[in-house]
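Undergrad: Protein sequence lines correspond, in order, to chains C and X.
According to the numbering used here, numbering within the first sequence proceeds without interruption in unit steps and concludes at 303.
According to the numbering used here, numbering within the second sequence proceeds without interruption in unit steps and concludes at 1312.
In case anyone wonders, no lab produced these hints; they're calculated from the structure.
Hints should not be assumed to be uniformly reliable.
[What the hints assert, rightly or not] Listed below are the simulated SDA-like cross-link pairs for lysine to any residue, each with C-alpha atoms no more than 25 Å apart in a straight line:
| # | chain 1 | residue 1 | chain 2 | residue 2 |
| --- | --- | --- | --- | --- |
| 1 | X | K1272 | C | L194 |
| 2 | X | K1030 | C | T124 |
| 3 | X | K1272 | X | F1289 |
| 4 | X | K1123 | C | F33 |
| 5 | X | K1030 | C | L194 |
| 6 | X | K1119 | X | Q1205 |
| 7 | X | K1119 | X | L1129 |
| 8 | X | K1200 | C | R22 |
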Amino acid sequence: MTTVTLDKAGPRRKVKQGSISRDRAWALRWSYFFLALFAIFSLTPPLYMLITSLKSSAEISAATNPWWVFHPTLGNYVELLTSNQFLRFFWNSAIVSIVVVALTMLISVPAAFALARMKFWGSTALATGVFLTYLIPDSLLFIPLFKMFATFQDWTGIQLLNRWYVLVLVYPTLTVPFCTWIMIGYFASIPKELDEAAIIDGASWFQTLTRIFIPVALPGLIAATIFAFTVSWAQFLYPLVFTTSTDQQVLPVGIITTLIKGDVFNWGQIMTGALLGAAPPLIIYAFLMDYYIAGLTAGATKG
Amino acid sequence: MADVVVGRASVTRSAGVRKRSSLRNAVKHKSTVALLMTLPLIVLISVLVLYPAIYSLHLATLNKSMSRFVGLGNFQFLFKRETFWLVVEQSCIFAITAVIFKALIGFIVAHFVHNIPAKGQRKWRGMLLVPWVIPPAMSTLAWLWLFDPSYSAFNYTLSFLNIGPIPWLGEASWARFSVILVNIWIGAPFFMIMYLAALKSVPDQLYEAASIDGANWWQRIWYVTLPMMRNIIAITTLFSLIVTFANFDIVRILTAGGPLDQTHIFATWAFKVGIEGSDIPLGASVSLFMFPILAIAAIFILRDINKRGNEA
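Next up, chain C with everything else stripped away, as it sits in the complex (with noise of 0.2 Å):
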C-alpha cells in the first residue's frame, strides 16, 4: 500500500530528487494532525459522558474544572443499575430491539430471496417500492399512526398505544426495507449456477434458501442484524409519541423523562444513564466494525 501510493498526497512543491518522499512525510505528518483534530471533536461528548459519570452531584455543582474527575465515584451507576426504573427502560430496550430483528429477519431474508432470485410479475416494481418507503421518514408517519393506533382502539378495544409492544410493530418499518434492500445486493452477488443446480436436483425454493443462500450470505445477514438492532435500540420519535406510562418506555425516552425533571437536571445520572444506552451498540460495533461497515456501504443507508 504504501509503495502503491507513493505520490497520492500532497501538492509538490520543490522539483528535487528525494522531495517526494519528504513530501510525502510531511503529507503523512498533516494527516496524522488533522486526524487527531477530528478524533477529539468525534470522541469529546461521549468521554464527557464517561467524566460527567464518574461525579458526584456535589462535584459537578462545585464547579471546579469540568474536564476532570477530582473524586471518582461509581455511585450514579450504582444508583441507576439498582432502580427498577432505568433497569425496566433496559429490559423493555432489550425486548423490543430483539423481538424486531428476529421479525425483521423472518420478513426481510425470505423477501429478498424471492426479489433477487425469483423473478416475478412486479418484482422490479416491488424491489424499488421497498427502496422508496425507506426513504419515507418516521417524522411524517407518527401522527397518522398515532391517530390509527387510537381509532383501532376505539373498534376493536385491543389497546396498542402506552403499550411496548407498538413499537415492536412499528420499528419494522424502519428496519424491513434497509434489510431487504442489503439482502437483494447480497442475495444477488451468488452465482445464478448454484441455486439452478439446488432446484435440478430436486430441492424446494425454500430449501434452496435456507440451505445455499443464507449460509453463503451469512455475512450479508450479520450486517443487517446489526442494522436492525442499532436501528431499533436508538429509535426515540416512535416510543416519545406512543408510550408514555413509565414502565412502557425504552431506554433513550425513559431517560429524558424520567431523569430531567423540570428544570432540575441531575447530570451525573443523566450522563450515566446516556452511556449505558449508548453502550449496547457500541460494544457491537466494537467486535463487528467490519460488517456494519460493510453493511454501511453495501446499500445505502440513512444519514
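Please arrange chain X on chain C, whose structure you already have, making use of the hints.
TA: Leaving out everything else, chain X in the frame of chain C:
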C-alpha cells in the same frame, strides 16, 4: 412416475423427464412461493407505511376535533401564521447548511484516512465513526450538558480565552448554530465512510497516470477523484438531505424548538402542534410539507438506481 420406466434404455430418459418435470413444477409453483415469501413485506409496507401516508393526507383536511371536512383550511391557516414561515426557513437553513458541512468534513476526513498507511486506518476509522454509532438521543444529551450555560465545559474552557459566557441554546442565532453543529457531529462519519469506500475503489493506476502527466495534487482531486466519486457523492448527499430535513431527535432534545420557536423544524413543530397541542390534523398538515422535498430526492435517487442497474 416410476411406472413409466419400462426398459433398460429408458432409464436415462426417465431421469431426464423427472428433471424436466420437477423444473416445470418449480416454475409453476414459483409465483405462488414468491408471493408467499414477499407477502409479509407487502402487508407491512401497505398497512404501516403506505396507508398512514395516504391517511395523513385525509387527516390534513379535517378540523381540530376531526369531525368536519375543512378542505384546505388547515393549510390556509398555516400560511397565515408567522411561526410556519419561520419553520420553513429554519428547516431549509438547518438541512442545507448541515448537509454541506457534513459532506465537506466527510470528504476531507476520508482523504486523510485514505492517506495514512492501511495498517492504522482501522483504528482511526473506528474512532471517527463513534458519533454515528451512539444513539442520537443519547449523544444529544451529552451535547445538551456541554452547552449548559452555567456549569458547562464549553463556557468554562472559553472563559480562559476571555470569551463568553455564550448562551448556546438561549439565543436564537446561537441555538441555530448549536443544533446544526450537533447534526454535523452525528452525520459527518456517515459521509466519511461512504467517501472512503468510494476512494478505495478508484484504481491507483489513474493517479499514477495523472502524476506522470504532471498533474498536481489539486488537479488529481478535480480530474480523477471527483469524477470517479460523483455517483456516491450524489446519492449520499441526497440521502443525508432527506434524513436531515426529517430530523427530530436533535432539535427536540436540545431546544424543543425554542427560544421562541426559532429552532423548530418540520418534524418538531408537527410534534408540538399535533401531539402536544393535540391538533392532529394541523400536525399532519405540517409534516406533509416534508413530502415535496422527499419526492424530488426520490426521483433523483431512482434515476441513479436505474443507472446502476443498467451498468450491472
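Undergrad: Now look at each hint and say whether the structure bears it out.
TA: Comparing the hints with the structure gives:
1. Distance check on the hinted pair: K1272/X and L194/C sit about 54 Å apart at the alpha-carbon level, beyond 25 Å; violated.
2. At roughly 16 Å between alpha-carbon atoms, K1030/X and T124/C fall within 25 Å of each other, so this suggested pair holds.
3. With a CA separation close to 15 Å, the supplied pair K1272/X and F1289/X stays within the 25 Å bound.
4. Of the pairs offered as hints, the one joining K1123/X and F33/C holds, with about 15 Å between alpha carbons and a cut-off of 25 Å not exceeded.
5. Using a Cα cut-off of 25 Å, the hinted pair K1030/X and L194/C holds, with the two alpha carbons roughly 17 Å apart.
6. For the given pair, K1119/X sits about 21 Å from Q1205/X by alpha-carbon distance, which is consistent with the 25 Å threshold.
7. Note on K1119/X and L1129/X: the hinted pairing holds, with a Cα-Cα distance of about 17 Å set against a maximum of 25 Å.
8. For the hint linking K1200/X to R22/C, the alpha-carbon distance of about 24 Å falls within 25 Å, and the restraint holds.
Consistency note: the structure conflicts with earlier hint 1 alone.
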